[in-house]
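Peer 1: So you can see what is in the structure, the chains are spelled out below.
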Amino acid sequence: MSAEPWPEGVARHVLDTVDSTNAFAARLAPDLSGPAWIMAGLQTAARGRRGRAWSSPRGNFSATLILRPTERPEIVALRSFAAALALRDACVALTGLPDSFTLKWPNDVLLNGGKLAGILLESLGQGAQVQHLAIGIGVNLIAAPDPALVEPGALRPVSLLGETGLRITPTALLDALAPAYARWEQAFTTQGFAPLRNAWLAHAARLGEPIRARTGQTTRDGIFETVDATGALVMMTAEGRVAIPAAEVFF
Amino acid sequence: MSKQSTEADVAFIQALAELLNKNELTELSVKREYAEDDSLEVRVVKQANIVTTSVAAAPAVVTTASAPAAAAVPAVNDDPAQHPGAVTSPMVGTAYLAAEPGSTPFVSVGATVSEGQTLMIIEAMKTMNHIPAPRAGTVKRILVADGNAVEYGAPLMIIE
Numbered sequence: 001m002s003a004e005p006w007p008e009g010v011a012r013h014v015l016d017t018v019d020s021t022n023a024f025a026a027r028l029a030p031d032l033s034g035p036a037w038i039m040a041g042l043q044t045a046a047r048g049r050r051g052r053a054w055s056s057p058r059g060n061f062s063a064t065l066i067l068r069p070t071e072r073p074e075i076v077a078l079r080s081f082a083a084a085l086a087l088r089d090a091c092v093a094l095t096g097l098p099d100s101f102t103l104k105w106p107n108d109v110l111l112n113g114g115k116l117a118g119i120l121l122e123s124l125g126q127g128a129q130v131q132h133l134a135i136g137i138g139v140n141l142i143a144a145p146d147p148a149l150v151e152p153g154a155l156r157p158v159s160l161l162g163e164t165g166l167r168i169t170p171t172a173l174l175d176a177l178a179p180a181y182a183r184w185e186q187a188f189t190t191q192g193f194a195p196l197r198n199a200w201l202a203h204a205a206r207l208g209e210p211i212r213a214r215t216g217q218t219t220r221d222g223i224f225e226t227v228d229a230t231g232a233l234v235m236m237t238a239e240g241r242v243a244i245p246a247a248e249v250f251f
Numbered sequence: 001m002s003k004q005s006t007e008a009d010v011a012f013i014q015a016l017a018e019l020l021n022k023n024e025l026t027e028l029s030v031k032r033e034y035a036e037d038d039s040l041e042v043r044v045v046k047q048a049n050i051v052t053t054s055v056a057a058a059p060a061v062v063t064t065a066s067a068p069a070a071a072a073v074p075a076v077n078d079d080p081a082q083h084p085g086a087v088t089s090p091m092v093g094t095a096y097l098a099a100e101p102g103s104t105p106f107v108s109v110g111a112t113v114s115e116g117q118t119l120m121i122i123e124a125m126k127t128m129n130h131i132p133a134p135r136a137g138t139v140k141r142i143l144v145a146d147g148n149a150v151e152y153g154a155p156l157m158i159i160e
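In order, the protein sequence lines correspond to chains P and B.
Just so we're aligned, residue 1 is where the first sequence starts under the UniProt record's numbering, counting upward by one.
Just so we're aligned, residue 1 is where the second sequence starts under the UniProt record's numbering, counting upward by one.
Please keep in mind that the hints were generated in silico from the structure rather than gathered at the bench.
Each residue gets a CB set at the ideal place from its N, CA and C atoms; glycine is no exception.
A few of these clues could be false.
Claimed, not checked - Anything over 12 Å on all C-beta distances counts as not near chain B; from chain P, calculated:
#, residue
1, P7
2, R12
3, P73
4, F81
5, I119
6, A247
7, E248
As the list claims (entries may be wrong) - Quick list of the computed label-pair ranges, beta carbon to beta carbon:
#, chain 1, residue 1, chain 2, residue 2, range
8, B, V109, P, D16, 39 to 47 Å
9, P, Q186, B, Q117, 33 to 41 Å
10, B, P84, P, V150, 45 to 53 Å
11, P, D99, B, A136, 49 to 57 Å
12, B, S114, P, V150, 36 to 44 Å
13, P, I223, B, K140, 40 to 48 Å
14, B, A98, P, R12, 53 to 61 Å
Modelling step: build the complete structure from the supplied sequences, incorporating the hints.
Peer 2: Following this line, the structure appears as structure tokens:
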């Protein structure tokens, strides 16, 4: 396969051990002149969404891309889709298995229908201005968490090695992911959300099928219809069509 | 508000009306600060008859109520969104008052906060937006509960 070159103007930091790549990125942010990838061999205080523990043994991928976007916060948040698309592209490029990787709203990359990766974006903003955005990406390259440890109803955790027998190193993934992300970032900043939305929908899991979306204490069941122009999940429920900007999705 | 910005304001209000339609919202209110004593407040309201079996085909009725700040005095004066100490949501999403379920909230009523300190998180599309205190002060009111859905411009807290 012909590897894409590392994107111009993007810094590359590879660390042995760090507390959390997102936390490290936030500390680094004030000194950065451009985007930077921070990858760590091991995170000692890895976090998932809403403080969930994120298991990442050495050999799995843990990295954060830090950016200084200039759009309004709701536009900045659409990079959730750019990150998922980039990770899917990188996985496909490294494995040659385009049909094995699908997407779950908004940014989960699935392998054979199981949860391969976790992406968590954190932004710090002042009023309408975002100061920086940290896109944290964890990928189960060689090991997945014990299914007994994940939330009931959550997808089966899978690893790339376990599902495909392929052993991809974190560095190889970083070198495929960074140019893939740069391509989606370029598409997003020049053409807006439309190309991301189209590509995302082309690889979406369970489109047109029943899903469950949970936001806070509210759980809604419905048919997954689409993702709208603002990135919201659109479901047809018994009460009518709803567009949901934040939720956990269950299949 | 300067005359030059009128066109931009009209475009902004149109964008809000489109957002309202796309998101099944019934109301949006936004305050834009351009500078000191120069702001735009917009409230866009849709007639609440949209939950029908033919939502996609039904062009929602949008009444666009907008005016420069001076004319946009709300009918209800105790609207926390109009409070000078209000911190409003920059986006549609879900509010979280603590970093994780069960942990100590970022701030509580009566707490002293410094400028830039995280007050809460608004999540949309797995993006956790830290909402910093726009200024130092005391948390007078917290207007949302943990896990609440919030809209653009929704008042989150009063800081004085």
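Peer 1: All hints, please: hold or fail.
Peer 2: Hint check results:
1. The Cβ of P/P7 lies farther than 12 Å from every Cβ of chain B, with a closest approach of about 22 Å, so its non-interface assignment holds.
2. The claim that P/R12 is not at the interface with chain B holds, since no C-beta of that chain comes within 12 Å of its own (minimum 24 Å).
3. A beta-carbon of chain B comes within 12 Å of the beta-carbon of P/P73; the shortest separation is about 4 Å.
4. Separation of P/F81 from chain B is inadequate, the least Cβ-Cβ distance of about 8 Å not exceeding the 12 Å criterion.
5. For P/I119, the condition that its CB be more than 12 Å from all CB atoms of chain B is violated, with the nearest at approximately 7 Å.
6. With a closest Cβ-Cβ approach of about 8 Å to chain B, P/A247 is found to fall inside the 12 Å limit, against its non-interface label.
7. Against the 12 Å criterion, P/E248 falls within the reach of chain B, whose nearest CB is about 9 Å from its own CB.
8. Taken as a hint, the range 39 to 47 Å holds for the pair B/V109 and P/D16, whose Cβ atoms sit roughly 44 Å apart.
9. Evaluation of the 33 to 41 Å hint for P/Q186 and B/Q117 yields a pass: the beta carbon distance comes to about 35 Å.
10. The supplied range of 45 to 53 Å is met by B/P84 and P/V150, whose beta-carbon atoms lie about 46 Å from each other.
11. Evaluation of the 49 to 57 Å hint for P/D99 and B/A136 yields a pass: the beta carbon distance comes to about 55 Å.
12. Taken as a hint, the range 36 to 44 Å holds for the pair B/S114 and P/V150, whose Cβ atoms sit roughly 38 Å apart.
13. For the pair P/I223 and B/K140, the beta carbons lie near 44 Å from each other, so the given range of 40 to 48 Å is met.
14. The hinted range of 53 to 61 Å is not satisfied by B/A98 and P/R12, whose Cβ atoms lie roughly 34 Å apart.
Checked against the numbered hints listed earlier, the structure breaks hints 3, 4, 5, 6, 7, 14; every other hint is satisfied.
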